[in-house]
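Trainee: As you go down the protein sequences, you meet chains Y, G and C in turn. For the first sequence, the positions run 1 to 373 when the numbering used here is used. For the second sequence, the positions run 374 to 794 when the numbering used here is used. For the third sequence, the positions run 795 to 1196 when the numbering used here is used.
If you're looking for bench data, these hints aren't it; they were derived computationally from the structure. Computed from a prediction, not measured in an experiment: that's the story for all the values here. Be careful, since some hints might not be right.
[Said to hold, decoys possible] Selected chain Y positions facing chain G (in silico; Cβ < 7 Å):
no.: 1; residue: F75
no.: 2; residue: G80
no.: 3; residue: I108
[Said to hold, decoys possible] Distance ranges between label pairs, derived from CB positions:
no.: 4; chain 1: Y; residue 1: G364; chain 2: C; residue 2: L840; range: 44 to 54 Å
no.: 5; chain 1: C; residue 1: A1090; chain 2: G; residue 2: I690; range: 23 to 33 Å
no.: 6; chain 1: G; residue 1: R610; chain 2: C; residue 2: A1090; range: 25 to 35 Å
no.: 7; chain 1: G; residue 1: V490; chain 2: Y; residue 2: G193; range: 35 to 45 Å
no.: 8; chain 1: Y; residue 1: V159; chain 2: C; residue 2: L967; range: 31 to 41 Å
no.: 9; chain 1: G; residue 1: E433; chain 2: Y; residue 2: G364; range: 38 to 48 Å
Glycine is no exception: its CB is placed at the ideal position from the N, C-alpha and C atoms.
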Amino acid sequence: MRTRWLLIGIGLLAAILAIAAVACGDDDDDDDNGDTPANGEEPANGAQVGDTLGDVVARGELVCGVNDAVPGFGFLEADGTSSGFDVDFCRALAAAVLGDADAVEYVILTAAARFEALSSGQIDVLIRNTTWTLSRDADLKATFATTTFYDGQGMMVRVADGISSIDDMAGTTVCVLQGTTTELNLADRFASGGLDYTPLTFEENGPLEAAFTAEACDGWTSDKSQLAARRFAYAEADGGPESLVILDETFSKEPLGPVTRDGDTQWSDIVNWVVIGMITADEKGITSQNLADFVADPGNAETARLLGVSFEGGEIFDSNLGIDADFMQDVIGQVGNYDEVYTKNIEPLGIPRAGTLNASWLNGGLIYAPPTR
Amino acid sequence: MRGTTQIKAPAPFPRQARRWAHDNLFGGVANTLLTVVTSLFLVFALYQILRFVFVTAEWEVIEANRRLFFLGRFPVGEEWRIWPPILLVSALAGLTVGLRTRLDLRSTIMMVLWLAVGLTPVFLFFAHGTVGILTAAAVGLAALGYIGARIWLQDSRYVALIGQLVLASWLLTFPLALVLLVGFGGADTSLGIDGVDPSRWGGFHLNILLAVVAIVASFPLGVLLALGRTSSFPVFRVASTIYIELIRGVPLITILLMAWLVLPDFLPSFSVPVLAPSGLDDIELVYRVMVALTLFSAAYVAEIVRGGLQAVPRGQIEAAQALGMSTARILALIVLPQALRAVIPALVGQFISLFKDTSLVFIVGLTEMLRAGRAVAQGQIEFSGREMEVLLFVGLVFWIVAFSMSRLSQQLERNLGVGER
Amino acid sequence: MAGTTIGRLSLWRNVRVQRFVIQAAFAGALAAFGYYLIDQARDLELGFDFLEGRAGFDISHQFGTSYNRNDSRLDLYIAGIVNTIRLAGVGIVLATLLGLAAGVARLSGNWLVSRVATVYVETVRNTPLLVQILFWYIAVFLQLPRISESINFPPDRISFLPFFDVPFISFDLAFLSVRGLALPWATTNDGFSLWLIFLAVAAAASIAVRFWRGRRQERTGQPSYPNWWLLGTFAAIALVGFAIAGGPLDPERPVVGERSYDGGIRLTAEFTALLVALVTYTGAFIAEIVRGSLQAVPKGQTEASAALGLSPFQRLGLVILPQALRIMIPPLTSQYLNLTKNSSLAVAIAFPELVGVSRTIINNTGQAIPMFAIVMATYLLMSLAISLVMNTFHWRLTREGG
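My request is simple: use the sequences and hints to build the entire structure.
Mentor: Next comes the structure, spelled out in structure tokens:
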């Protein structure tokens, strides 16, 4: 009998030891600089409130979540580097914080993964065609910076089908990408018109485009900038751009911009003011080409504040943002102002800036910078 | 069912051909009909394929992005890390084939032809400049190794020694490849070299890397699980069985998605040098995917090995026990060698499956070859809609590797005499 | 329990004690690990309430479910499960048939047929399934004509090059285009429930008749064709019932509409492409299993049945296959499981099976962990069901074989 009890005792002891070993592992090691999640209220989904700026500087590299398959915004170049409108804002941020626009590590994110990656601290900033919505701001604990691109969901159809508005589309089949707000907006729009339709929900644009080209669906719904880019590149063999039309109606607002975690206001401010600085530079006509002239002679007080230089012998303006006062010199010098980034990335898609929502407010658009003061 | 082709005497060629055709294609109405229908189908399929490959397709998308296909987002200027293992593997492959197999003239010609057919397009389209020279060097090393082995083989004094050296080198290849990738000694010290950030690994290189890691790691784990499942210890048996059936019951993509989204929440936060310097719960996605693929594959390996274990006659074990061998020695020396030898074909089949399954890691955002190609066909506006070319190319590359693997395994089976007693 | 030195020594050398200690330690470690996992999971605030919420989007394929965007996410998930089961169910049947055909073809005496079968197996087995799914969809099914130019069956005219061109049947039963294959179908009317009763009676009666004929055959040794009797009885009662119920089914032919087919039943290009891809992929693996099992049947069996005067077809169907089947079933089961699990790649070409809808639910709610738990549990249940059916079948086969 004693043997049996002894054995049971040993078994229990082993179990307790194992539990203890595992439990001790939890609060083991704290000396790495803040990358371990704080023992906060919500270790899993909760935001890791921390010093993102400090992390980025210590690492010497900005970790930026981007897309890899959206023409003009975020895509892979032949040499494996990332390019695009969104990517240039990552570069601008790295230039501002680290003084080197190339000090960026790009993390390719799927639509489903992006907020998880942000909240778990795998990335410092998310710049991946992400729409600013209430639930994302509040529920997903994200902070949205100044919108870099005003987009809206639209519908592209074939000219030959004679569709002139969404309300003509009863009984049609519509191609749409899975897992985005697009899918929900589509359902809402057709419901409000009392229209019956069939969605063909693809995971990626490749087969979606093939299906649309083969006329497996009548409409293709997505952000209008994407539709315009696809229309622009539509093969002549399939009818060319003239055979397609993007309907006037915009049935959702899609303000796209950089996203950071809730709770790190300093970092959110930096992201915000890098974007605003680029817009301000555009308003003032400061480009990467003529930057040196403005640095030498700012011409007015606000330009001097923007570039972090002295004006008429005065003191250099410091906003206490936590980074060098002349950070915008690095941004404009290495990446350019808003217009340069737009012209470089979006115009090749066949979407000129003038006359769109993304024109400067001076030209009747929505791109507007709060004052640098 | 089997056609009887018995050539009695060497007949003049036309008659021989006619007889062959009669025996193999046109014997009887049903057979003739089958031949005609199959031919029609074949002509149709070939016409469609050839027309696409040579007329419709625009292969520019492949050529312009060849680096992306093979290396993904690997940093420019770090390619030197890839080549030493490739060159080493080429040389070792040549040596091993030369040492281990007894290729007759026909197989040799077939192999040379196969290599020539495979390599010509490589040199025509992909291997320009330095890459071309290095690829040529790899081929040269393989040939040198093969010829060298055949010459040394004449001198039986060295065979055993060379065999052991080759085996040791094979075992060293993988650590060498990994060390070159992840760096060693820490970049701060004078001797250490920096590694390449694992999130930048990509392209076909990543497919191979994931497959090799998962194969190497899942094999011992699978054997352990198989032993557990056939063990006389109920606790081991139940635990192994539950593990195997759980894993085999769910799709790989759900396991990958778990490793990606859920696993970090369950990992402790202590740091591991090199692999996870900033805490295990912050470990690189690539490593998590390697773990997921290993755990997945181990369950399948276990089932295959279990089949082999059951095939080992009970008498063998009893005889070994009668000789007074310990359980561990019986396993290592009697049971496992026989069990594993019997299941080589199934194991290779599983490893080929695993290799193909590495194309699914796109689901967690890794830029393996298929994903890199599809990203190009969607993201680079000038190649918008060139998905078909990408698919065919990626399919071809996978096919070449997988088919070679299966052929090599058949060769291995023949040399080990599997199925012959 | 004598506390002698020998007794104490033998405590650690006692095999039973060793076994117990090892197992207890292992079980303890497992329990600790399990406790750790549960403890971590408790922090995650898991809940399944989100499944009650409104789904908010529509799906393209439904089979027997009537989900719409205002239904709950649970309803959506159920529609996804039904889609998976439908795909896997049809796929398993077709893959078995294709695998049998290809396996037999690889051993065929016809050189061309065996070569084509070999090329098929070696191509399909050595390339990733995702590549194949996309290939079938983009390269084959999307090349079908647009809906306004649907291929109709039977054709209106029959023509062959410039030699002849004659009018044929102008009555269309089926259409094929990039929007799918439209087939005639039937709708039910008031008499249907009455007919269902007749069908139930027919089923019971025909089984009884088969039993009776089977017993008769066993008793007398006379061929009594029990299966023909079964079919005959069932058909007779069903037909009589059909007449009495006043034609409970209204046949319905598809009509080409402007943007979709009206009436009939439609197999979409997406579903069909996926089905073909899964069936050809799994079929290649099954072909290898079939080939191995056929080769494992001793050659003497073929020769003996040939000597008895059986035709090649009878030899295969009555002698070789039944024996091969016994070896075939365990590996076949894993292929069926693989097919079911591989159907999770369907989202690539717009077929909303359960993983596809789950990923959208996760995107909309952020509830990754509970949703994945549900998905994995669902697959486990399906795998279990398939294994159960196949194991029962295998058990019956081996038992019958004695």
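Trainee: Confirm or reject each hint.
Mentor: For each hint, the structure was consulted:
1. F75: 3 Å, holds
2. G80: Holds: closest Cβ of chain G sits about 4 Å from G80/Y, inside 7 Å.
3. I108: 5 Å, holds
4. G364/Y to L840/C: 44 to 54 Å: 50 Å, holds
5. A1090/C to I690/G: 23 to 33 Å: 25 Å, holds
6. R610/G to A1090/C: 25 to 35 Å: For R610/G and A1090/C the Cβ distance comes to about 29 Å; the hint holds.
7. V490/G to G193/Y: 35 to 45 Å: 58 Å, violated
8. V159/Y to L967/C: 31 to 41 Å: At 34 Å between Cβs, range holds.
9. E433/G to G364/Y: 38 to 48 Å: Holds, at about 40 Å.
Hint violations for this structure: number 7 only, all remaining hints satisfied.
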